[in-house]
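Input sequences plus hints: build the corresponding full structure.
So the protein lines, in turn, are chains H and X.
Quick note: the first sequence uses the numbering used here, first residue 1149, plus one each step.
Quick note: the second sequence uses the numbering used here, first residue 5, plus one each step.
Hints should not be assumed to be uniformly reliable.
[What the hints assert, rightly or not] Not close to chain H: a few residues of chain X, all C-beta gaps over 10 Å, as computed:
#1 A6
#2 G20
#3 N55
#4 N56
#5 N75
#6 S77
[What the hints assert, rightly or not] Just some of the chain H residues that point at chain X, by a computed CB distance under 10 Å:
#7 Q1193
#8 L1249
#9 F1251
These are computed hints drawn from the structure, not numbers from a lab.
For glycine and all other residues, C-beta sits at the position ideal for the given N, C-alpha and C.
Given next are the chains, with one letter for each unit.
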Amino acid sequence: AQSVTQPDIHITVSEGASLELRCNYSYGATPYLFWYVQSPGQGLQLLLKYFSGDTLVQGIKGFEAEFKRSQSSFNLRKPSVHWSDAAEYFCAVGNNAGNMLTFGGGTRLMVKP
Amino acid sequence: DAGVIQSPRHEVTEMGQEVTLRCKPISGHNSLFWYRQTMMRGLELLIYFNNNVPIDDSGMPEDRFSAKMPNASFSTLKIQPSEPRDSAVYFCASSLRGQGGLGETQYFGPGTRLLVL
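See the structure below:
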């Protein structure tokens, strides 16, 4: 069975500081990996996804993520956080078609001015 | 383009009542998903349709829950009878499957916030 762990429930960073959100997955084959962002009262928006190829994936809003098979990780990064990045972030792993998603518990990001 | 549309956005009902949540997927998409989000259990996939046919309903909690997709542009999730523990945010998502196995991107609706008293 596939699973996702996001070890950090809450993270607070200062505006302008760098950000790394951790994601570890469990899946028997090559995973399909996703990061979504959810603003309060809103649905989920896709930030980026990894299916194959280059292990460093660029997404929207200046986010990137790196797939590390040896560590079963897919951490999300941003070099300089903006106040508008405050939201909840979800990592997800998909099955071999990338459609049956299992989500992690989410990481809530707060940004200090 | 319109995204995934869900209605109602908020629903408050009393225990024992029937609740129907509605979803209109993005035009042209052929896969539709219903998720439930709670503090305790996070985001859970309830059921997944492809070309209007239920493919996997293993996430449906119990017989009180049912979902239908009578056509490509409409789906419902029904709870009958509703219970307080059904209180959650229910999301619908749609995607276009069949892109050469390259994987799909699911587009989420804004959700329906359900409160069962």
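Task: chain X contact restraint for Q1193 of chain H - C-beta distance below 10 Å - done: Given a least distance of 7 Å, the restraint on Q1193 of chain H holds.
Task: Status of the stated non-contact between N56 of chain X and chain H (beta carbon gap over 10 Å) - done: Given that every Cβ of chain H is farther than 10 Å from that of N56 of chain X, nearest at about 15 Å, it holds.
- [ ] Verify the interface restraint on F1251 of chain H: the C-beta must sit less than 10 Å from at least one C-beta of chain X.
- [x] The hint holds - F1251 of chain H has a Cβ within 10 Å of chain X, the shortest such distance being about 4 Å.
Task: Supplied contact hint for L1249 of chain H, tested at 10 Å Cβ to chain X - done: 6 Å, holds
- [ ] Please confirm whether N75 of chain X is truly not at the interface, meaning its C-beta sits more than 10 Å away from all C-beta atoms of chain H.
- [x] 20 Å, holds
Task: Least C-beta distance from G20 of chain X to chain H larger than 10 Å - done: Check passes; 28 Å lies beyond 10 Å.
Task: 10 Å cut-off, C-beta based - S77 of chain X kept clear of every residue in chain H - done: Non-interface label stands for S77 of chain X: nearest chain H Cβ at 18 Å, farther than 10 Å.
TODO: Confirm or reject the statement that N55 of chain X sits farther than 10 Å, beta carbon to beta carbon, from all of chain H.
DONE: 13 Å, holds
Open item on the list: Does A6 of chain X clear chain H by more than 10 Å, comparing its Cβ with all Cβ atoms of that chain?
Closed with: For A6 of chain X, whose nearest Cβ neighbour in chain H is about 13 Å away, the distance exceeds 10 Å, so it holds.
Comparing the model with each earlier hint shows no violations; every hint is respected.
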